[in-house]
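All chains, full assembly: derive it from the sequences and hints.
Protein chains: 2
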Amino acid sequence: MSPPSKAVVYDREGAPETVTKVIELPAVEVKENDVCVKMLAAPINPSDINRIQGVYPVRPQVPAVGGYEGVGEVYSVGSAVTGVAPGDWVIPSPPSFGYLRSIDDRNQSVTFSVLCNCNYVGNLPCIGTWQTYIVKDQSVWHKINKDTPMEYAATITVNPLSALRMLEDFTTINSGDSIVQNGATSIVGQCIIQIARFRGIHSINIIRDRAGSDEAKEKLKKIGADEVFTESQLEVKNVKSLLTNVPEPALGFNCVGGNSASLVLKFLRQGGTMVTYGGMSKKPVTVSTSSFIFKDLSLKGFWLQKWMSSDKAIECRTMIDYLLCLVREGKLKYELELVPFNNFQVGLSKALGLQGSHPKQVIKF
Amino acid sequence: MSPPSKAVVYDREGAPETVTKVIELPAVEVKENDVCVKMLAAPINPSDINRIQGVYPVRPQVPAVGGYEGVGEVYSVGSAVTGVAPGDWVIPSPPSFGYLRSIDDRNQSVTFSVLCNCNYVGNLPCIGTWQTYIVKDQSVWHKINKDTPMEYAATITVNPLSALRMLEDFTTINSGDSIVQNGATSIVGQCIIQIARFRGIHSINIIRDRAGSDEAKEKLKKIGADEVFTESQLEVKNVKSLLTNVPEPALGFNCVGGNSASLVLKFLRQGGTMVTYGGMSKKPVTVSTSSFIFKDLSLKGFWLQKWMSSDKAIECRTMIDYLLCLVREGKLKYELELVPFNNFQVGLSKALGLQGSHPKQVIKF
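Respectively, the protein sequence lines represent chains A and B. So the first sequence is numbered by UniProt numbering: it starts at 1 and just counts up by one. So the second sequence is numbered by UniProt numbering: it starts at 1 and just counts up by one.
Hints were generated in silico from the structure; no laboratory data involved. There may be inaccurate statements among the hints.
Pairs involving identical chains hold if they fit within one copy or between any two copies, as the list cannot separate such chains.
[Claimed, not checked] Listed next, the in silico DSS-like pairs over lysine-lysine satisfying Cα-Cα at most 27 Å (straight line): (1) 266 to 282; (2) 283 to 266; (3) 333 to 6.
Bear in mind the structure is a predicted one, so any value in this text is a computation, not a measurement.
This is the structure in structure tokens:
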């Protein structure tokens, strides 16, 4: 049997600060193929919040334990488990299991159509990483190098893997080429800058106008950004005239929308591609007809959870190992803030933006 | 020597009704590889007008003869010409020659950047089909079957070839699949309906709300449209609920922009692609973040003139022959209005929309 687990649970969807509560879940049996993991750390990602709010297109059925990714230490193993042993560090990889499929039959897609006019069905169980002990089949767990800083191991999937996949999956970008992105201070943005940098790829970065934007610029340049502009700096006739020694980018990333997305499009070269992976401004992407016809731009989207549920996800663990290696070598850094599990509501409040601007909150169990 | 040529010439860019005039160009030498063609018919396409207005991204240098496509009869040939003989019907194919290339050096792209934020350089000479006699190298001319109705031969490239390419170049669409398009009453729209139909592909068509929209619907259904909706009919929560026996489309075509483009996006299935080839409403395309991330839509553009200047254009003449064959078999029809060359200004005025709604104007020489 596992120890009892203290878990962040919600039994209905709604405002996370209201619907979540920490309760003790009873001990469960550790079957022959199961691994019981004592969780060490797990982040509060925006998508975790959206799942609880009920606005994410694929969500666990309630009642559910919050959390999608994280890292833990093997506490005990079933009799048939050979790949991991107590004391090993493991992460759930991929972090969700079950099915995620798109369907043709429009009658089955009512729920998600309402949310996003898309056709996903079914609930995709998340591992529920916001709890002290998790018991799952050994196939769920990926053993990692224990020399990795815990908070990076806990957060390596959602943001760094997105950055890596987006750099690789849309256009061939070679050493000497460049990319452009908005929302560059986000963790994905910082990962893109750093991964691009040690591949010899230049990055052009767009950030919000705000107090402290000069410091933000310096920080991004320190981790390898070639060019950093605030949106207001780009209120010029030809944004490309601002580039020095950086070629026009063939690939752009948008996690903001609105004017900020238009700026990404302006930087793109003839035939370029913009990949949307977020919409922080809550404004849509607006594109002129001539951008499509004469500039031959392509616009696409990226969703890690869908990628995770595709055939490609078989490479997922290798890429995770690669990214963790970069972390250990000091080549991949980003800011995180640890919050003790006892103070979960404080971390949640910060993650919700209710206490001003804070780094990503990582629960330490 | 050729006979002298009566030609529609403009020596500066501007309002077409003001800057164009019909003048007589002197006789020119027919060299050994040249073919002298007596033009029979040539259309006034919107892009011809945009070239004269100076708002098209790639334009001939002025002074220039108007017109891009058309059909003519061989009048005389140079001594080395073997492929065609006097009396043959020919079309310029591809209709423009010279170079069209995209460049990296942003310093060279000033003119076109201003127009469309894109990077084409150079002037791409059009054949200048609005004249009675044209002398060009034999490589320019493609001999066609004289049984083809003249007005179709004159217009087969710009619209029908666009329709065919767009159906083939973006997503694999098989018999039983469907496509969705707006601006369905345009000639490209009508060609898409018909080519799709005899390939067993269903079409979902969106048209403007206007007087006579019921007649327009009937007309489109007669040529093979499965579903035709006015924009206001689509003001419902789930547009797909209106489809009966037509699968959700994986491919959409947009030549309108604005709300009409959003309706095309709403019909698309998970992972679908929308191709923009026009912007009749002069409104941009607006796309929600979730359409990219969760619905996984791709947005692209199509420009025939760029396609024509690519390697792929080698297949161009075969496709033209295929389309002309469909015309002769009665499988590809669209409305045209012949206007005698002597009344060019009347045809131009109708093409400019200054006299209400008219079919495409085709100059008959």
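Hints versus structure:
1. 266 to 282: both (20 Å within a copy, 19 Å between copies)
2. 283 to 266: Both ways: residue 283 and residue 266 sit 17 Å apart in one copy and 18 Å across, limit 27 Å.
3. 333 to 6: Close neither inside one copy (30 Å) nor across copies (71 Å); limit 27 Å.
Consistency with the previously given hints fails for number 3 only.
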